[in-house]
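Starting from the structure of chain A, add chain B with the ligands where the hints point.
As a plain string of letters, each chain reads:
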Amino acid sequence: MTITNFEIAIEKVNKNMLFQGQTLEVLQDIDLSIKNQEIVSIIGPSGCGKSTLLNIIAGLDNPDAGAISFQGFNQEERLGSVSYMQQKDLLFPWRTVLENISLSLEIKGISKKDSVEICRKYLSEFQLDKFEKNLPHTLSGGMRQRVAFLRTLLTDSEILLLDEPFGALDALTRRNLYVWFMKLLENNPRTVVLVTHDVEEAIFLSDRIILLSQRPGKVQLTEEVSFERPRTHDIIAHPDFVSLKLRLLDRLNEGGDE
Amino acid sequence: MNKNKFIDSIPSIFIVLSVFVLWEILVHIQDIPTWLLPAPSEIFKSLYLDFPKLFEHTLVTLQEILIGFLVALIFGFLIASGIGLSTTLEKSLYPFLISLQTIPIIVIAPMLLVWIGYGLLPKIIVVALISFFPIVVNTADGMKSLDIDMKRLLLTMGANNWQIFRKIMIPSSLPYLFSGVRIAVSISVIGAVIGEWVGSSEGLGYLMIRSKPQFHTELVFAAIFILSAIGIGLFLLVGFLEKLVIPWSRYENSTE
Ligand SMILES: Nc1ncnc2c1ncn2[C@@H]1O[C@H](COP(=O)(O)OP(=O)(O)OP(=O)(O)O)[C@@H](O)[C@H]1O
Ligand SMILES: [Mg+2]
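Heads up: the sequence lines are chains A and B, in that order.
Our numbering puts the last residue of the first sequence at 424; the count rises by one with no breaks.
Our numbering puts the last residue of the second sequence at 260; the count rises by one with no breaks.
It should be emphasised that the hints constitute simulated quantities derived from the structure, not laboratory data.
Backbone N, C-alpha and C fix where the C-beta goes; we use that ideal spot for every residue, glycine too.
There could be a bad hint or two in this list.
Said to hold, decoys possible - To be clear about the criterion: a stretch of chain A counts as covered by chain B if any three or more of its residues have a C-beta under 8 Å from a C-beta of chain B, and this derived list gives those stretches:
no. : region
1   : 206–218
2   : 249–256
What the hints assert, rightly or not - Here chain A is said to cover these stretches of chain B; the calculated rule only asks that three of the stretch's residues, wherever they fall, bring their Cβ under 8 Å from a Cβ of chain A:
no. : region
3   : 128–137
4   : 166–179
So that you can see chain A by itself, here it is in the shape it has in the complex (with noise of 0.2 Å):
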C-alpha cells in the first residue's frame, strides 16, 4: 500500500523539550499513520507527550527527527491547515461568545458581519444561543469548552484535532455532544485526532485507540474499534465494549505504575 492513502503520516518522529536546563525525551520513535476520514483517539498517561504530539501535527512545532506529511505529501509548513482545539480554551476575553466562535471565518477574510452570521446558527444546537453576546468571564467551565469546541468546528479544515474537548463537561452534555459530533462527522466527514483522558469516550467516539507509554512516549498499544456506525448508547454495556475498555484501563495502569 502506498503511503498516499493516508491523510496523515507521521514517521519516526522524536521530540526533545528543554525544560530548567534538562533536554526531556518528550516523544520516541512515533509511526503513526492515520486514514482519511479515520477517527483516532490517543490515550497515555498525563506527560507522556499527547499535547505535543497535536502541537507537532498542527505545525506549531517541528521534530526533532522524523517527517509529517498530508496527503503523501512532506508538509513542513503545517499552519493553517487543520483544525486544532488546544487543551486550554483560549476564549478571547474581549470577544463575545458569537464573536470567539467566528475568529477564523474572520481570519479566512470573511466580514465579521457576514462570519458571525454564519455562525448564528450552530449556537442554539450548543444551547449557547441565549449567551451569543456574553463575554466569556461570565461564562461557566463547560461553557467555555463549548465555545471553543464549536470555534475549532468552524475552522473548516479536512484535519481536525481535538486536545481533551470534553473535559469540563457534566456527563449529560457530554453524552449528548458525543452523539451530535458523530452525526455531524458523518454528515461531513473528517479526519480526526482525539486526546482524552476518558477510555470509554475514546472507544464510543473513535475507530482506532492509540495508547502511548509514560514519557518518553512511544505506542505502546493500537486497537481497533469495530461498532457499526451510528454508534448508540447502549454499545457500552456490549461485551466488546466491556472487555476492550478493560484491555485499555489494565496497560494504561501498568505505564502508571512504572
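Below, chain B with the ligands alone, put in the same frame as chain A:
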C-alpha cells in the same frame, strides 16, 4: 448602585469640606490679607464675579489640553504599535523616548516660543510632549504583553502578522493604554499651564501670571480651582470611557 457610589464618595467630600472650613477659619483668625492667601469664600466670590473672564480663559486652556492630548494619543499609539510589531524599532526607539522624557519641559517650552512664536501651536506641543511618554510606554508594554498561546491559536488558523496585530495586540494593549491615558490627562493640565507661562496672551496660566503681580491672588486661586476641576473631570471621563470600551478588562486575569 448609584446610592453606593454616593456613599463611597462621602469620605472624600468630607475631607475637602473640612480643609476648606479650616482654611477659612485660619485666614480669619490670623487676619491674613487676601493678596497673601485668600480665604475660600474670597475664591468662590471671585469665581462668581469674574466668571465671564475665567470662562473665556478656561476655554483656551481646555482647547490646548484636548488637542495636545489627542496629538499625544495618536502619535503614542502609532509609535507603540511600531514597537509592538518590530523588535528593531523597539530597540532603536526606546533610548530616544527616554531621553525625550528626561529633557525638562521647562527648558523646551521657551525654546518652542523662540522657534514657533506665540499662539496655540507651541502650547499644544508642550501638552503633547508631556503626555506622550506615559501613553507610549504603557501601550507598548501592552502590545508586548500579548498571550503567546492566543497568538499560537491564530497561527493554527493561518493568520498573518497583520491579523495577529489587529485581533490580539491591539485589544491586549487597551487596558495598558487606558492606564497611560489616566496619567497623561492629569499632567497634560500642567503642560498647558507651563506652555502659557513662558509666553501667551490668554488661558488660565496667563491669567495666573498676570494676576499675581497685581495682587489678585484670589483670581490665581480661582484659576487653580478650575484647573483641578478640569483634571478631575478628565480623569473621571477616562474612567467612564474605560468601562465603556473595555468592560472585559477587569476580569481578564480571573478567566485563565
Ligand atoms: N513548554 C514546555 N517546556 C518544556 N517542557 C514541556 C513544555 N510543555 C510540556 N513539557 C513537558 O513535556 C512533556 C509532555 O507534555 P504534554 O503537554 O505533551 O503532555 P500531555 O500528554 O499532553 O499531558 P496531559 O495529559 O497532562 O495534558 C511533559 O512531561 C512536560 O513536562
Ligand atoms: Mg495535554
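Here is how each hint holds up against the structure:
With 0 residues bearing a CB less than 8 Å from a CB of chain B, the region 206–218 of chain A misses the requirement of three and the coverage assertion fails. Closer than 8 Å: that is the beta-carbon criterion, and the region 249–256 of chain A has 5 residues meeting it against chain B, so the requirement of 3 holds. Taking a C-beta to C-beta cut-off of 8 Å, the region 128–137 of chain B contributes 0 residues in contact with chain A, too few for the three needed, and the coverage statement is violated. Counting residues of the region 166–179 of chain B whose C-beta lies closer than 8 Å to any C-beta of chain A gives 5; at least three are required, and the coverage claim holds.
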